[in-house]
Amino acid sequence: MNAAIAGIKRVVPSRSARVVRDIFSWRFVLLMFASLIVLYPLLWVVSLAFSGQQSLTLVRLADDASVAQQLLALVPLPEQWTLDNFRAVLTEQPFLRWLGNSLVVAFATTLVGLSLSCTAAYAFSRFRFAGRRRGMMLFLISQMFPAVLMLIPLYVIVVQWLGLGNSWLGLILVYSITALPFCVWMLKGYFDTLPYEIEESALLEGASRWTIFTRIILPLARPAIAVTGLFAFMTAWNEFILASIFMDDESLYTVPVGLRFFVSDYASEWGLFAAGSILVSLPVMLLFLTLQRFLVSGLAAGAVKG
Amino acid sequence: MLRSAHFLRLFLLLLMCAGQANAGEILNLWHGYRGAERAAFEQLIDDYNRGQSDIQVKALAVPFGGYADKLSAALPRGQGPDLFVFAHDRLGGWASAGHTVAPIDHYVGDGVLRRFPPNLIAAMTFGGELYGLPLAFKSPALILNTDLVRTAPASTDAMVAEARRHTDRKAGRFGLAYSYTEPFFHGALMNSFGAGPFDRGGNLDLDNRANIESVEMLVRWVRDERILPDEPSSTLVTSLFNQGRAAMVISGPWMLGEIAPGVNYRVVPLPINSQSGLPLAPWVAVEGLFLSPWSKNPAAAVAVMDYLTSRSAAEKMGIQGGQLPANISAFEHPRIATDDTAMAFRRQLEVAVPIPNLPAMTLVWVPLENALKKVVKGAAQPEAEMHQLQRQLSVDLARLERSRTRGNIPAQMPAWLWLVPLALVLLALWAWRRYRKPLAAGWQANRTAYLYVLPAMLGMLVLVFFPLLYGLLLSFTDTTVFNEYTPLWSRFVGLDNYAAILGDFHLWRGQGSDRSIDFDNFYWTLLITILWTASNVTLAVGLALVLALALDKPIFGRSGFRLILILPWAIPNYITALVWKGMFHPQFGVINQALQVLGLAPVAWFDSIGASFVTGLVTNVWLSIPFMMVVILGGLQSIPRELYEVARVEGAGRWFQFRAITLPLLKPVLIPAVILSVVWTFNMFNVIYLVSDGAPAGANDILITKAFRIGFEKYQYAYAAAYSMVILALLFCYALWQMRLSRTLEVAR
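Those protein sequence lines, which keep their order, are chains A and B.
Using our numbering, the first residue of the first sequence is number 1, and each one after it goes up by one.
Using our numbering, the first residue of the second sequence is number 1, and each one after it goes up by one.
Treat the hints with care, since some could be wrong.
[What the hints assert, rightly or not] Partner residues aside, some chain B positions facing chain A, computed with beta carbon under 7 angstroms:
hint, residue
1, 455
2, 559
3, 590
[To be verified] Below, simulated SDA-like cross-link-like pairs (lysine to any residue); rule was C-alpha separation at most 25 angstroms, straight line:
hint, chain 1, residue 1, chain 2, residue 2
4, B, 138, B, 61
5, B, 58, A, 250
6, B, 58, A, 210
7, B, 437, A, 129
8, B, 377, B, 594
9, B, 170, A, 74
10, B, 553, A, 29
11, B, 667, A, 127
12, B, 58, A, 91
13, B, 296, A, 74
14, B, 667, A, 286
15, B, 553, A, 26
16, B, 58, A, 249
17, B, 138, A, 264
18, B, 553, A, 15
19, B, 58, A, 100
20, B, 296, A, 165
21, B, 667, A, 131
22, B, 58, A, 69
23, B, 58, A, 168
24, B, 437, A, 133
25, B, 138, A, 266
26, B, 553, A, 37
27, B, 553, A, 285
28, B, 667, A, 133
29, B, 170, A, 69
The set of hints was computed from the structure by calculation and includes no laboratory data.
Backbone N, C-alpha and C define an ideal beta-carbon position, used for all residues, glycine too.
Given only the sequences and the hints, what does the whole structure look like? Please build it.
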């Protein structure tokens with residue numbers, strides 16, 4: 001795209017023209033296509049949740065229908081829309097309470113995880129010390145051991161040794177540490193991209209490392225912190241097995257544990273599970289919406305280009 | 001005034017609570033009930049607590065998915081409940097392992113035992129000792145859609161003839177539907193020919209004539225009569241029945257709550273097997289109350305069992321909870337005696353057989369299911385497959401048995417083992433002397449750095465490296481369910497497990513025309529895992545990069561797209577993975593239906609290795625793109641826009657900009673993300689387990705699911721730990737290689 005066209009665009013800032021141009025761009029087509037693929041399976045979840053039933057009506061194709069009609073029949077829509085499943089999820093069990101518990105645990109995990117990982121990643125990125133590479137590797141190794149086989153030893157440590165069974169603190173600690181390797185690795189990667197010159201001049205002016213870290217690095221790394229924070233949040237938000245093993249009090253359950261009540265070996269209430277899943281993912285979507293602002297924070301500089 | 005009254009009431013309430021808590025000893029009771037069953041059960045417990053003041057029972061409901069793990073984590077370590085409700089089929093494993101359940105013979109009299117039919121008491125008995133009281137039973141029976149089928153078929157021939165009348169495969173109608181590849185349901189056929197999977201002595205006897213005949217009969221129903229749907233699952237069976245597309249189904253009481261209101265149905269006992277002349281004898285799962293060996297007051301706990309299985313309690317559970325009580329005197333209650341459905345299950349119980357509670361039974365489920373899947377698809381002959389299965393399971397059982405005998409020999413700790421800690425101490429001393437100076441210097445020079453890293457490292461040390469060490473230690477033993485609690489050195493086998501894994505070159509099994517690749521082989525699984533990881537990461541990173549680039553610059557509806565595209569990450573992957581599995585269903589899945597609409601042939605997704613691989617791949621890529629995309633989006637933000645401006649002014653094209661600016665500057669973010677996602681995909685348990693479940697016959701299992709199966713389906717804990725260590729070593733080598741590679745690239749540039 002050359003400067004002349006960019007110039008014209010700046011002269012004619014008509015909003016509708018831009019929308020039309022956007023819609024006919026290949027990017028838009030691509031994004032529409034991707035969104036359809038993403039949405040289609042989710043539509044099944046939504047339609048199951050709103051159907052008021054526990055299993056979906058199977059699609060039936062009429063032989064004499066046209067191709068378009070047949071394709072239309074593949075779009076999952078419930079025969080009737082009802083909020084019954086949502087009502088049942090919210091009233092049968094203390095679902096909102098569990099949701100609240102999960103929020104506490106997940107936010108605490110994000111906080112603990114981010115503070116541990118930001119400091120560690122900063123050191124890995126800015127200092128050259130003995131054991132730096134090995135330290136990074138150690139973080140990675142922790143991701144390599146299958147989690148299913150960690151259950152018993154984790155139980156021994158957290159419940160028997162630390163006595164943190166049946167408390168959120170135990171969960172928060174385990175979740176933060178689980179999220180740590182990813183956070184450290186990603187943050188180190190981002191910190192590496194930040195120019196060192198700012199820090200150097202700040203050091204020359206007599207600023208302490210801590211001031212530099214909190215005043216310069218952290219604000220600059222906002223997109224990275226948003227991404228890793230979201231990750232830490234999700235780690236705690238969707239975890240089921242540890243939460244169900246550590247907690248011995250129903251009022252302390254987190255929401256994934258509550259959700260699994262709907263699924264059992266014999267009969268599973270998929271409608272309730274779907275409705276619950278949608279409720280569970282709403283806070284995540286809200287969180288992402290707020291974080292979007294940080295994800296695009298670097299945009300100010302590039303706003304001119306189209 | 002109002003407020004103080006409020007306070008007073010609250011205070012009194014607190015006092016009462018405290019008084020109550022002090023008044024009695026607390027007994028913890030875990031159960032997995034929900035809905036009406038739970039309400040009735042907790043009502044009973046409330047009544048009990050109110051009826052006396054010595055003992056207060058505190059109930060905890062645990063969701064099914066985490067229940068077994070919770071019990072096996074807590075009980076052997078002296079934690080957990082005083083008593084718990086669970087299905088009886090795990091009893092043998094628990095009793096053999098020890099420390100999990102305690103016998104209750106001492107505490108119960110004959111009067112209590114007479115409440116239950118003998119087969120239910122047998123279910124609660126292992127090795128001659130009674131371990132619990134039966135609470136409820138669950139067995140399948142025949143459920144008829146009475147609009148289609150009026151009279152209950154008396155024999156299997158009559159049932160098949162009736163089913164054939166109602167089958168129209170093209171219209172998606174079936175005369176009979178049930179999860180016929182699940183051993184639990186196949187048990188009805190198996191038991192009607194003979195003794196089931198074990199002989200009288202409790203030895204595995206899967207390939208006797210009777211069992212082979214039962215499989216042959218099933219194959220006839222599926223392949224010759226064609227009265228059954230493909231890839232049956234309980235959800236599919238329910239859906240078919242609710243839409244009137246299945247005239248008869250074989251299912252249990254758990255399905256009744258899901259039958260749609262408009263469907264008229266009737267439950268009847270299963271018919272007589274026309275070939276053997278015996279009735280179809282389904283397996284019955286008995287929910288029992290078990291006693292923890294750590295209970296401080298076992299007598300009181302058994303008294304609670306006694307109360308919960310009394311006639312009045314059983315009636316309440318039957319009427320309000322919809323349960324089928326094991327105390328069969330409850331069936332005399334007028335409300336239950338006039339309930340045709342309950343009485344049909346009651347009649348079915350007369351011929352039903354409790355699931356064998358032998359520890360070996362838990363080894364049978366999955367391999368038998370795989371074998372059944374194979375034969376009903378015509379991929380194997382019943383007789384050959386059952387012989388094969390018997391051979392394969394005998395090997396696994398022999399392994400377990402070996403560990404048991406080893407556990408029985410009181411072994412002394414070998415003297416040379418003392419050398420190991422000694423050597424470690426010496427090594428530490430030497431290292432301390434050798435490295436003290438440089439370490440101290442390093443600490444002085446980089447104190448800030450170490451302080452920044454310390455908290456994170458400390459956490460990792462406690463919560464990650466201790467479990468890892470535990471796994472490492474476990475991998476040098478032959479720990480199984482039988483010798484879990486014997487002293488460590490009596491289980492010590494050195495490197496045997498590793499030798500067995502890495503030295504497993506039996507790539508083929510069977511002879512001549514039956515020869516096929518042995519999918520349990522380590523190297524086959526490794527190959528699949530590598531293919532799985534490579535294809536997933538390539539696709540996910542590539543597609544995520546394209547989407548992130550498309551989203552990076554302003555476009556109409558950008559934040560909307562961004563939100564939609566992260567949705568797969570936001571919704572619990574448990575349900576989306578199952579939706580994908582449903583979409584891939586060969587008969588009713590939308591993917592095949594869309595293919596047919598477009599005039600293409602449907603694909604049998606779970607029958608061949610390639611197609612089954614694709615199902616997992618598609619699901620996993622769909623699930624992992626959002627995360628990758630968000631990471632890359634964040635990374636794109638850190639690229640200074642001025643660089644593009646400069647490039648544009650210099651006349652660089654888009655492709656050049658991408659290659660010269662975007663990719664190199666994305667690398668610090670992309671490389672760790674790729675390394676991590678390789679590690680995660682390598683160990684991606686959920687998708688494989690939920691979507692293809694390794695179909696066909698374990699061919700698509702990756703190392704982690706195989707390790708899980710070895711540990712939790714075959715009870716060879718140590719072997720599974722060694723498997724995990726091998727996984728770790730492989731990934732470690734990969735990470736080293738990748739980092740060296742990216743570093744050399746760095747230098748080259």
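Comparing the hints with the structure gives:
With 7 angstroms as the threshold, the beta carbon of residue 455(B) comes within range of chain A, its nearest partner Cβ sitting at about 5 angstroms, so the hint holds. With a cut of 7 angstroms, the hint placing residue 559(B) at the interface with chain A holds, because the nearest CB-to-CB distance is about 6 angstroms. Because the closest C-beta pair between residue 590(B) and chain A is about 5 angstroms apart, less than 7 angstroms, the hint holds. A threshold of 25 angstroms between alpha carbons decides the hint, and for residue 138(B) with residue 61(B) the separation of about 19 angstroms falls inside it, so the pair holds.
Distance restraint check for residue 58(B) and residue 250(A): the Cα-Cα separation of roughly 11 angstroms lies within the 25 angstroms cut-off, and the hinted pair is therefore satisfied. Proposed proximity of residue 58(B) and residue 210(A) is contradicted: the alpha carbons are some 50 angstroms apart, above 25 angstroms. Simply put, residue 437(B) and residue 129(A) have alpha-carbon atoms about 15 angstroms apart, close enough for the 25 angstroms limit, and the pair holds. A C-alpha spacing of about 23 angstroms is found between residue 377(B) and residue 594(B), which places the hinted pair at or below 25 angstroms, so the restraint holds.
With a CA separation close to 17 angstroms, the supplied pair residue 170(B) and residue 74(A) stays within the 25 angstroms bound. Taken as a hint, the residue 553(B) and residue 29(A) pair is honoured in the structure, with Cα atoms around 15 angstroms apart against an allowance of 25 angstroms. Under the criterion of a C-alpha separation no larger than 25 angstroms, the hint pairing residue 667(B) with residue 127(A) is consistent with the structure, at around 20 angstroms. Between residue 58(B) and residue 91(A) the alpha-carbon distance is near 22 angstroms, which keeps this suggested pair within the 25 angstroms criterion.
Note on residue 296(B) and residue 74(A): the hinted pairing is violated, with a Cα-Cα distance of about 59 angstroms set against a maximum of 25 angstroms. At roughly 30 angstroms between alpha-carbon atoms, residue 667(B) and residue 286(A) are farther apart than 25 angstroms, so this suggested pair is violated. Of the supplied pair hints, the one linking residue 553(B) and residue 26(A) holds, its CA atoms being roughly 13 angstroms apart against a limit of 25 angstroms. For the hint linking residue 58(B) to residue 249(A), the alpha-carbon distance of about 10 angstroms falls within 25 angstroms, and the restraint holds.
The hinted pair formed by residue 138(B) and residue 264(A) meets the criterion: a straight-line CA distance of about 14 angstroms does not exceed 25 angstroms. With a CA separation close to 16 angstroms, the supplied pair residue 553(B) and residue 15(A) stays within the 25 angstroms bound. Annotation: proposed proximity of residue 58(B) to residue 100(A) holds, straight-line Cα distance about 23 angstroms (limit 25 angstroms). A distance of roughly 20 angstroms separates the Cα atoms of residue 296(B) and residue 165(A); the hinted pair therefore holds under the 25 angstroms criterion.
The straight-line distance between the Cα atoms of residue 667(B) and residue 131(A) is roughly 23 angstroms, inside the 25 angstroms bound, and the hint therefore holds. Proposed proximity of residue 58(B) and residue 69(A) is contradicted: the alpha carbons are some 57 angstroms apart, above 25 angstroms. Between residue 58(B) and residue 168(A), the direct Cα distance comes to roughly 21 angstroms. Compliance with the 25 angstroms bound is thereby established for this hinted pair. Straight-line distance between C-alpha atoms of residue 437(B) and residue 133(A) comes to about 20 angstroms, which keeps the hinted pair within the 25 angstroms bound.
Only pairs whose Cα atoms come within 25 angstroms are accepted, and residue 138(B) paired with residue 266(A) is accepted, the gap being roughly 10 angstroms. Under the criterion of a C-alpha separation no larger than 25 angstroms, the hint pairing residue 553(B) with residue 37(A) is consistent with the structure, at around 22 angstroms. For the proposed pair residue 553(B) and residue 285(A), the alpha carbon gap of about 22 angstroms is at most 25 angstroms, so the pair holds. Note on residue 667(B) and residue 133(A): the hinted pairing holds, with a Cα-Cα distance of about 18 angstroms set against a maximum of 25 angstroms.
Annotation: proposed proximity of residue 170(B) to residue 69(A) holds, straight-line Cα distance about 19 angstroms (limit 25 angstroms).
Hint compliance for this structure: hints 6, 13, 14 and 22 are not met, and every other hint is.
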